[in-house]
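According to my numbering, the stretch in the sequence shown is residues 1 to 156, in order.
Please keep in mind that the hints were generated in silico from the structure rather than gathered at the bench. Where hints are given, some of them may not hold.
[Stated by the list, open to error] Here are the simulated DSSO-like pairs of lysine-lysine, each with C-alpha atoms no more than 27 Å apart in a straight line:
#1 Lys108 <-> Lys122
#2 Lys20 <-> Lys9
#3 Lys20 <-> Lys55
#4 Lys55 <-> Lys9
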Amino acid sequence: IEVVDGDTKIQTEESADEDKIRFDTGGTERAILDSSGLQLAVAAASPPQANTLVKGNIIKGWVNFAGSSTINASFNVASITDNATSDFTIVIDQNMADTNYVVIGMVKQPSTSTQTTSVQIKTGTSLGVGSFNIITLESTNTLDSDPTMVIIMGNQ
1 IEVVDGDTKI
11 QTEESADEDK
21 IRFDTGGTER
31 AILDSSGLQL
41 AVAAASPPQA
51 NTLVKGNIIK
61 GWVNFAGSST
71 INASFNVASI
81 TDNATSDFTI
91 VIDQNMADTN
101 YVVIGMVKQP
111 STSTQTTSVQ
121 IKTGTSLGVG
131 SFNIITLEST
141 NTLDSDPTMV
151 IIMGNQ
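Turn these sequences into a full structure, and let the hints steer you where they fit.
Structure follows, in structure tokens:
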């Protein structure tokens, strides 16, 4: 399917058995749909439009785990290592493009506590393209919380 000027179109199989559907607007390929799912092909405009789905604003991974190496549910997280109380290494299944990504986390507050809980990047460590270390705290005390939840966003 193509518009009159040819710069907006939906293409199927550019070569034999390619099994892809490509979506172009304004002469730029925007998305590809294949057996692995929908892939967004371009980055956001600057500034990005409100309510627009682009590669940079999609969650690249998430995990809900039991304050141990036991994963309750996840996407794009290969494993968790329980290094010590409240100290975890999270291994990303499909690496990030660089180390400039964002890690967002939260833990369940113990029912007997009024202290602030937090998830932090562990002091003395840095983000790697394939893994990162976090600590979970209740105020300044270590805390293994079930659940502990982490989201990963950035370039992949």
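Right, here's what the structure says about each hint:
Proposed proximity of lysine 108 and lysine 122 is supported: the alpha carbons are some 19 Å apart, at most 27 Å. Distance hint between lysine 20 and lysine 9 is fulfilled; the C-alpha atoms sit about 14 Å from each other, no more than 27 Å. For the hint pairing lysine 20 with lysine 55, the CA-to-CA distance comes to about 19 Å; that is within 27 Å, so the pair holds. Proximity of lysine 55 to lysine 9 is assessed by CA-CA distance (about 20 Å); at most 27 Å being required, the pair is judged to hold.
Hint compliance for this structure: no hint is broken.
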